[in-house]
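S.K.: As given, the protein sequences belong to chains Z and A, one line each in that order. Residue numbers for the first sequence, in our numbering: 59 to 170. Residue numbers for the second sequence, in our numbering: 49 to 159.
Watch out, some of these pointers could steer you wrong.
[To be verified] Below are the BS3-like pairs computed for lysine-lysine, each with C-alpha atoms no more than 25 Å apart in a straight line:
id	chain 1	residue 1	chain 2	residue 2
1	A	K146	A	K104
2	A	K105	Z	K123
3	Z	K76	Z	K115
4	A	K146	Z	K115
5	A	K146	A	K107
6	Z	K76	Z	K129
7	A	K146	Z	K127
8	A	K146	Z	K129
9	Z	K115	Z	K75
10	Z	K75	Z	K123
11	Z	K123	Z	K76
12	A	K105	A	K118
[Said to hold, decoys possible] Now the stretches of chain Z that chain A is said to cover, found in silico as 3 or more residues with beta-carbon under 8 Å:
id	region
13	99-106
14	152-159
It should be emphasised that the hints constitute simulated quantities derived from the structure, not laboratory data. Note that beta-carbon positions come from the ideal geometry of N, C-alpha and C, so glycine has one too.
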Amino acid sequence: EAQVTQNPRYLITVTGKKLTVTCSQNMNHEYMSWYRQDPGLGLRQIYYSMNVEVTDKGDVPEGYKVSRKEKRNFPLILESPSPNQTSLYFCASSLSARETQYFGPGTRLLVL
Amino acid sequence: TQLLEQSPQFLSIQEGENLTVYCNSSSVFSSLQWYRQEPGEGPVLLVTVVTGGEVKKLKRLTFQFGDARKDSSLHITAAQPGDTGLYLCAGRPDNDYKLSFGAGTTVTVRA
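Make the full structure from the sequences, and use the hints.
M.R.: Below is the structure:
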């Protein structure tokens with residue numbers, strides 16, 4: 059089944075403890091992206107990747123890192139999480155930047 | 049400031065009633081999309097409109113793109129409880145490939 063998977067689905071952590079949220083797609087998509095969703099703000103793009111080893115900042119990149127060493131994986135790294143990063147995170151992928159994006163199921167993160 | 053403003057933010061109606069959700073901007077978009085998101089899941093694409101004035105129908109859902117490509121609407125006829133969800137509009141500005149999302153409209157259809 060064609061899909062985007064994220065892990066973990068739920069995560070509670072404490073301020074400053076490094077964490078990684080994994081994202082994987084099996085559709086051979088070149089474009090991958092991370093969003094955060096907050097009430098009243100919709101989805102805001104954190105980082106995106108046009109292809110392997112090519113990443114760029116989205117609208118809200120502060121406090122996040124990403125890597126794209128393989129086409130299928132696009133992990134989101136929070137080196138030192140803070141409470142304002144408590145949010146619902148979505149990974150998405152598409153054939154190219156202008157094609158339809160397919161979203162993962164989301165990761166709900168709580169930073170205490 | 050959101051590039052796309054959605055209204056209303058919340059909508060609660062009785063089964064069988066009609067509803068309209070609006071998505072407005074001062075920017076021109078090369079394309080505009082509507083998504084539905086259910087609790088615990090990611091957004092799922094419903095439709096993409098690309099031509100000013102375009103109207104697309106998906107069963108009881110009618111999507112319209114404004115003539116100037118700055119706004120869009122989603123109309124649901126005879127809403128059913130299964131239509132309950134968060135509806136998001138998203139657009140690609142004329143000079144950009146990045147997708148910008150509205151804040152969403154939470155629709156609740158009561159049986």
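S.K.: Find the hints from earlier in the document that the structure breaks and name them by number, from lowest to highest.
M.R.: Numbers 2 and 5, in rising order.
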